[in-house]
Structures are given as structure tokens and as C-alpha cells.
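**Student:** For the record, the sequence lines run as chains A, B and C.
Position 56, counted from 1, in the first sequence is what my numbering calls 56; the numbers after and before it change by one each time, with no gaps.
Position 130, counted from 1, in the second sequence is what my numbering calls 130; the numbers after and before it change by one each time, with no gaps.
Position 41, counted from 1, in the third sequence is what my numbering calls 41; the numbers after and before it change by one each time, with no gaps.
All clues stand as given, with none of them false.
Among chain A residues calculated to face chain B with C-beta under 10 Å, some are: (1) R37; (2) T138; (3) D140; (4) V141; (5) L143; (6) A144; (7) I157; (8) Y230; (9) L241; (10) L263; (11) V271; (12) V272; (13) A279; (14) T282; (15) D290.
Here are the computed lysine-lysine pairs in the DSS-like style, where the Cα-Cα straight-line distance is at most 30 Å: (16) C:K413 x C:K349; (17) C:K108 x B:K243; (18) B:K243 x C:K148.
FYI, nobody ran anything at the bench for these hints, they're computed from the structure.
Bear in mind that the values here come from a model prediction, so they are computed numbers and not experimental data.
Quick reminder that beta carbons are idealized off the backbone N, C-alpha and C, glycines included.
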Amino acid sequence: MTALAAPTEPQEPAVRSPRTPRRQWLAVLGAAARTTRGRVGLGIMLFIALVTVIGPFVTPYSSTAIVGSGLPFAKPSAQYLLGTDVLSRDVLSRVLDGGWVMLVMALCSTVFGVVVGGAAGISAAYLRGKWDGIIMRTVDVVLAFPQLVFALLFVSIIGPKLWLIVIVVGFTQAPAVARVLRSATLDISERDYVKAIELQGVKPVKVMWSEILPNLITPLMVEAGLRLTYSIVVMAGLAFLGFGQPPPSPQWGYMINENRGGLIGGNVWAVVAPTILIALLTIGTNTFTDAVARVAIGIEGRPQEALVLNEAAVAETTLGETA
Amino acid sequence: MAVAVAPPPARSLRWSQQHPLFALVIRRTLVGLLTLVIVSIIVFLATEVLPGNAAYAILGKTSTPARVRALEQQLGLDRGLVDQYWVWFTGLFTGHLGTSTSNGLGVWAQIEPRLIDSAVLVFVAGIIGSVLGIVLGAMAALRKDGWFDHISAVAALGITALPEFVIAIALIILFATTVSHVLPAVSLIPPGSYAWNDPKMLVLPVATLVIVIVPYIQRMMRAAMIEALESDYVEMARLKGLKAWRVVFVHALPNAIAPTIQVIGLNFLYLAGGIVVVEYIFNFPGIGQGLVYAVTNRDIPIIQFTVVILAAFYVFMNILTDVIALLATPRRRIAR
Amino acid sequence: MRAYERLEVKDLEICLAGTGRDVVSELSLTVGAGEVLGLVGESGSGKTTVALALLGHARRGLEITRGEIALDGVNLLTLSPQEMREFRGAKVAYVPQDPSAALNPTLKIGSQLTECLTSHPGAVDEVRSRVAEVLAEVRLDAQPEMMKRYPHQLSGGQQQRVAIAMAFCCRPSLIVLDEPTTGLDVSTQRHVLETIRNLCKTYGVAAVYVSHDLAVVGGLVSKVAVMYAGRVIELGATYPVFNTPVHPYTRGLLAAAPSPERAEVLTGIDGQPPRPGRRPQGCFFAPRCSFAIDRCRVETPAPVQVRSQVVRCFRASEIVHAERERVVLTPLPDSIAEPSLSLKDISAKYGSQPVLHGVSLDLAPERCVAVVGESGSGKTTLARCIVGLHSNWEGDIRFEGNPLARGTRRRSKDVLRRIQYIFQNPYTSLNPRKTIGQILAQPLDHYFDMSRREMSDRAAKVLQEVSLGEDFLGRYPDQLSGGERQRVAIARAIVVEPDVLVCDEVTSALDVSVQAVIVELLRRLQREHGLSMVFITHNLALVRSVAQKVVVLNEGRIVEHGSVEKVLEHPEDPYTIKLIEDVPKLAPADEPVLSGY
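Make the full structure from the sequences, and use the hints.
**Tutor:** Below, the structure written as C-alpha cells:
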């Protein structure tokens, strides 16, 4: 962009909104919850949350006890609504009890990843120079490990400790957040309103906190949603591979794995029930995130492209680094 | 609006501006090599010095001081740390990677056939997925807000972010076990034979991975295509009275492909992680399955090498993606 | 020879799709062969919408709902899509506003040019020779190298010429030019305008020239249609419209345009045009009109003929006789006080690229010095060196005798407060997440030890000074118009009671009518607060009413400086002379340049 000598066509002022609310994140969530997608996503999420939170208190049997005949894969019956599993435990009880740990872990990882990645991305973009270099090279290095592989690497050394999984998964989420927020911050920190504050000699940390961060609420929300979805995917994947809570604790991911033998001729529900719950969970979070992203971007109109733009932002940052 | 600050760029061009392609490749390769070295250090340190050294980790509860010492010697743990790293690092290039601690076979001999099978899986799935994604995305964009667009959008939203194993289990239920038996549930590939010898074995793993990546590519392509179709230059092409096919294929499509290439690159990288679970489920003898077994058995040399290979793939794919994207963008390829 | 009408637009109406809210309505025009019609309006007036409609095209979300667009007797709006495609490019062509966006970045110039011809077989006999011919006509060399270039390898002027060549290559009957010179510097603008004029004259093409700037249009077109809120409110031959405008809006626009010839108080038009769907009952201009009577707020005026113009105004016949007021400014006496700000031998670089070479200037207290230059002259860099946003410079800047450090980090809080900067673009200089109250309180909080109460009192007071009400305190920037935003930006600068104000192109993002209001506000505040002011602009004409001294920058060097009267009336440097010549003259000096054949 170069300074224009000729008078430029004045910009169309943005649509006068009757009232820009103060709590922007609440307003975005509210608006998202009123869209069709938002409703569907929120509905699914609430359903799963209900199952995982209330479930453990209403299990018909102990989730780890061997019940019934002791033979594996009993078909569903009045007594065992979803049948029994490979070790003849009640599938319904295990399903009800098997989600909350993963959900709590995924939430913790997400918070960890968004905070670490957000702080890294914002400071890299605003401080520039050597900090940018150090932070973004670190991001490159972490990205060189596929998420699941990074987690497996540490699990293999330290063992499947839950706190370790939370931290490691959170850490693998951080680079994506950092990249998206870095590119958003790069844009914002060049805006004149930031320059106007810098002109007063305000300290960088304060500029980032009070001028830049308020303009990053929507990308942060979208990122948080995406990161939650992917944390669930990785956590469930680790559990599926047997690196989650140690048995016999019930866990949806591992249930699918251990009961695969029942798919032929046995009790299909032992696999299908946890699969459906995991699928619903990721579909729910992803759909709601999509609604949020649409609302966030939809303020000025290209709603359909919202989530993809997020992907594009990641792609663009990689492009931008070479330019 | 172009309101701005910076003066017009310098007229005198540096070498890197005149040959952006070479400059990019050189720059990226150097950064990539640095990344790989750091990755190798992390992998090495993580597996060698973190709590409970590797020998103890491998032997677990059965360890006695004598056995630990013997194994330490086998792994070279009795030498200095830098020394150990150097031996291991040079081994990455010479193929002297030591032996697997679980079965005593050479690491390279164990990984090589797995690597080939995994490469086949990743590239077959990646290429099918990319083509499918581009076609579906372009179709959705051309009929924006039509029924196809709506259906594919909802489908993409549902499938994006499903864990691979959920898709794999669904396919197994549908095609290999409960509902029908038309395809094998596990990929039985005898030792000494490769995946392509019996293509039927590839179908379900490939299908799983394709389903995983198509939504991303489709959505990006759709967004990029819509952006191109609504751009000033496409409006101009229409106002010039060009034929519809020319507007789409000559004016819009090439501009939509370039940003999509980046996302395709990202998805190939995603596949490198995705094969772990998929190979494990289908018992497909690739490096992902090997990694899971190695982690279960704490077979450190195999873990180290597999992780380094995957990181190298990341670096290489990144460079390749950038080069292709650059070639598709004259504005960046050719200096002013 | 009397020109026959090539284009006849009757009662055109364009609506927001599906809502029935009109963006453009009751629009009728005619353009003859070889004639250029100027379609003038400020942002949001619907002029680009009309321009695209002339090619039978409506952007997403808009639809042409009524009317007739007849080109050589064929109504475009009744053609089938296939016929329309064949018509476009061949019979009616479009020159876009921003050629850098309208040329496909992935296709070579050659193929973008030839495809116009190959897509319309029969338009010309021989493609290759026609391409060479048309490139020569727009004064681009037709070397094979040119054809192999990509758009980004051309300069802005060359890109615009390519776009014009694309439009003319099939020898159309009508050409629609959408602000084709926006973004080009003044001398390039003039060359491009001349090219267009010659081509229209030579080939008997009818042309519609869309612009937001009356001055640019003045020298080029034979007929002007002034648009306001989707309607043509005044239509007539250029000379009478410029010299004896009738509609209050046209009169306001002309009064708002600064003149390089005399220093006078600029009178803008306050307020802003209404948006589609929010347009008032009656005459759309009534809320901003000083002539408005009750009838204007109820009934919509129909077009009436007054003198040679067609005007939509109930009071047209009375207004014709109303005197147009001009308040001449008395110049401030020269100041002999020690300079408030003094720059000596400033050289600045961007990276390794030198931008300024040995610039020196003195700013007397309570006076204004204008820095004038085209894009790339280094004028913005100069401003940023002074305020501390750009720190890569050599030389000596003294503020009240004390040297200024290079960056903001090394300046004291007090110095930072006393030199305030106003940004070019009010759309980016206010944080969208803060209320106006917060934006104004922030510097108070930073510089002074004030209670919340005091801060909000000060903020309210300063808002009044920039003619905004206290109710603006709770609003967010996106609820404000461009002019209101720039007032807030000015308020933010003066609320900390500075001594020096550095204004960087503060009106270039605003409409002409608003520009006048802002310049007048700055001039008043400067005198009332006894501020010293550096006024940076590309527009020589603006300087006259604001500044006492002027400095002309060319490629980072001062080529001329002195008092405003001397430099504008008796320029010595050839560059200054050229700049003054290139300023589009508002009133066409003679009878219209073109009137058909």
C-alpha cells in the first residue's frame, strides 16, 4: 500500500448498529445460540454434558463390576439395556461413567493451549524481532510432531498419567492458536488506533492487554472451540490406543477398542454406544464453534466461509513467513 | 482502503527478490534442517534423560541393577550425553540406528517395509482426498446456496473433527462385520509382501483417511472459489462478455487453487499423524502401527526413529507445499 | 452535426433484492455519440450501482426492478443471458475503479486483452493487429514483452491503461468508466483523462464517467448528472451546472470544494446522506438543506426545468437568484517569535531506502505550515518523524529549542503530550471495541492524574468543541460516520491540551462536503487554542484556507517553500508549477470541451 496522491473514494461507514454490547463474547455466544447450527450444536453438547455429569450417579450397576453370567457380549436385555461387554460388565453403566474424565481433561487442555498459544502468538506479533523469531521457530518445532505422536512420545517415557496427557495435549494445541492469533495481531497492531496509543508512550504489555486483546475476542472464541474439539479427538484417540485412564476404569475410547471382538455376532452396542457418544460430542462442539465463527465473521457478511477462513489463516501465516 | 504509510518499495531488487523460488527453497530448507536438528535433540533428550532412564523404563518392574547396567551398555547409556547424542544423530544418516530393544532386530530393517506401506497409504489417500475435495468444493461454490451446497456443507460440518477411529469403526461395521462383509476388517499383509499386492486390503484404511481429509479441502476450496467468483477480476471478466466456462476455468479456478494447496499440504501433514490410529485399527503394517507397538513395549530406538521420520516428512511437505503454492501465484513468483 | 442519442435510460430502479427498498430510483438520462456524461455523487449515492446497471449487471444482493436501458435502440434489460453476454464487451464496455483488483493476477496481460476480442468474433477483423492498435491508442507500447507481463509487474497508470484498452478494443458504442483515475497521482490522472477524451471523440463513443469528485469531472465531460441518495438531483450541461448550480446540494458541493485561487472559509454540508431503507419522507436532501421548507419534508420533488438544468427541488426557481456567499479569510500576520518546532536537515530511511533528503522547516507558534506532495514524496514519513512513529532518521528536530529524541520510547511524557498527531484514516484510528468516552478518557488517564468524574467532564467538553453532543460518549466508533469519527480523532488530540498538532492527510478519506467541515473545524480550533499546526496534504487547493506557510516536497526534497500566497500565486519551481496546473479546475474555464461532433 502506498499513499495515494489522488483523493480516494471514501469508505462506506459500517452499518450503524443500534447498540454494540459491552460484553462482546456473551453477545456472540448469544447470537450463535440463536442460529440453527448453534441450536443444534448447543443441544448436542448439552445432551452429552448431561450424560457425562449425571451419568455417573445413575448407573444401574457398578461400571467395573462383572455382572450377569460372566460370559462376554451378552445381547441387550431388560436387565442390561445395552448388553454386556468383553469382560461381561454392564455396557450402559460403563457408558454413563466413561465420559466425564475425558471431558474434564479436554477442557483443561483447551484452556492451557489457548492461554499459552494466545500469549505466544500475540507477543510474537506485537513484539516482533527476536521474540517473533524464537516463538515462531518453537511453534515450527512443535508442529513437526503430529499431535498424537507427540503425546505418545511423552506417554511412552513417563507413562499414561492423566496430568501429563492434559499438559502434552494442551501443548500440542498451542501452535495453531499461536499462528492464528499472531496473524490477527499483526493486522491489528498496524492499525492506527494502536499507533495512537503507542504515541503516548504506553508500555507494550498494556497496549497488548487493553488495546489489542479486546479486538481478538472473536478469534479467541473460535480458536477455543476448535481446540476443544481437537483436544477431545486426541484424548479419545489416546484412550482408544490404550493410553488413557488405566483399566478397568471405563472410558469411551478404550471401550470401543476392547469390545471390537463383539462386532461379529456379539454385542454390537458395546462398540456402537461409545462411538456414537464420541461422534456426537465432536459434532456438537464443532457445530457450535462453526456457529460462533459465522456470527463473528457474519457481522460484515461472509458467514459461510467462517471456519474455513480459520484454516486459511493458518495457511496464510505459513505463506506470510516466506514473503 | 489503501491508506498508507510505507513509501513504494525499493526499485533495486535483491537477489532473493529476483529469484523468489530459489530463495524460498534455500530459506525453507535451512529452517527445516534446523527444525529437524532441534526435533532430534528433543526426541533424544526426552527418551534418554527424563525421569527413570530408558533402561529402567524398558525393564520396568523386572529391573535389577545388573540388568539395568547391561541394557545401559547395549543402549550406550554409559557414555556421556553429548557423545550418546552424536552417535545416535550420525546413525540417522548412516542407518546404524542400533537394534530394537523388544526383539533385537535392526531398527532400519524393521522400519523400512513399514515405511513403504505407510507412504503408499498416505499418498493414495491424500491424492484421492485432494481431487475429491477440490471437485466437491468447486461444485458447491458454483451452485452457492443450492441443494448440493447445503447438503455438502452439513455433511462436511458433521464429518470434520470426527476422530479417525470413529470413522474407521463405522466403516468396519458397515462393510466388514455387522452389516456386510464385502471388505476385510483387518489388512492382512504377509511379511515380505506390500500393501499394493492386495489392493482390497487398502480400501478401508484409505477410505477412512479420505473421509477424514475431504471436508477440510472441500470447505477451503469452496471458500476460495467463492472469493474468486466474487472478486473484481471475475466481475470484470463477466463484464467483458466472456463465455461462462472461460470465466470459471480460466479466471476463477486458478486463483482458487493456490490457497487450497496450502490446506492440502496441511492435510497431508495431518495424515502423517492420522495413520497411527488407522493403521492400528486395521492392523495395517505401517510405521504408525509400529509406533503404537513400540510405545506399548517401550522400544525406545524405534520410537525415536519413527518420530524423526515423521518430523522430516513435515519439513519436506511444508517446503513442497510452499513451492507449489508459489508456482501457482505469479504475483509471488515473478519480481516486478 | 447534432449528436444522436446512443444511450437512453428511462425510469431506472434498482432495489435491495427481495426487500423492495430502492437503492436507485426514477433515474433517467441520455448520452449522445461522442458525448461524455459525468455521473457525480458522494459515497453511497448509488453511482457505481447505476454504472454496473448500464451493463445489465447488478451486484449480489441487488436487482434491477424497473426501467429501460436502451443502447442504440436495444433495451438491455430485455435481452436473454446469452445475448447479454454477447452485448457486454462488444457493445458496452466497463473500465473499473481499481485495475489492480480487476485484472486477473494469474493471467498475462496479453491473454486478458486478446480474450476480449476472441470472445466476440466479428467485433474486429484481425485480433493481433487490433491489440497492437489499441495499445498504441492508450499510449502503451505493444512490445511482446508487455503482452507477457502479469498485472503486478505494471505500474498503477499502466494497469489503468490496460483496463482502458480492454474496454476500447471491441470498439463499443458505450463505455462506462467507474472512477478510473482514483488512486493515480495527479499527473497520471491527467494523461489518462486525456486519452479517454480523445478516444471518445475519435470513435463517437458515448461515455458515462462516474466520479465522487466534481473537480475531476469538470474538465472532461460535457454533461453532468449529480446524484444524491439514489436519485439524480441535477442534470445539465457542465458549464451552467458549475457556474450557476441550482440544487442546494450541488451548490453545497461546489462551495465545499477548496479553491487554490483565494483563501476563503470553506462551507461544507453537515450531516450525511441517508442509507437505502432509512431515507426520509419527501426530498432526501431536506434534512441537510438550509433551504428546506415544510413541503420538502413531505412531498418528493419531481424534476423541473430551471434554466438549462433539470433539477429535483421545489424551491429551484427561488434559489436560482440566491447569492452564493463566500467569506474571504484575512491572513494572519507573519510571526517573528522563536519557532515552536524546528526541523533541520532531516534525512529519513525506510530500511535501506532513503525517503527524505535534508528537509528543514520552521513552524512559528500559533501558525500553520502545510507540507504538500504527491504519493511517495515522503510527506507522511516527515510527519511520523516529528511525532516519533518513525525513528530511522538523521538530523535535528527541536521542540521549543530542545532536541527531540528519535522514537516515542525515548521522549518524555510531557513532550509526547504536547505534540499530538491526527491520523489520515478515521476508520482505522479509533479502537472499535471502545466507546468514544473511553477513547477520550484514555489519554487523560495516561497523562494526567484525574478522577473519573473530571475525565468524563473533560471528554464531554471537548466533544462540544468539535460540535458533537454529549450523547456520543457512550457510542462506539462503528456507529459514527466518517466525519464524526474524524471529529472524535481531533477531540482525542486536543483534549490533552497540546501545543503542536500534526495533521496527516486528515481529509483524504472523507467526502468533499465533509472535508470542508473538518478543515474549517481544524482552522477554528487552531486559532482558538493558539495551536501550532503541521498540515500535510496532497491537495494544494486545501492549503490556501488553512496554512500561512507552505513547503512543497518532491521525492523527499523540498523544492519550494514560502508564504502560501507567494507559492500558490507565483510558483518558481517547475514541479510546483506542474502541481498547480494539474489541480483539476472546478469551474470549466470556457464552454464545454466536447459537445458531440
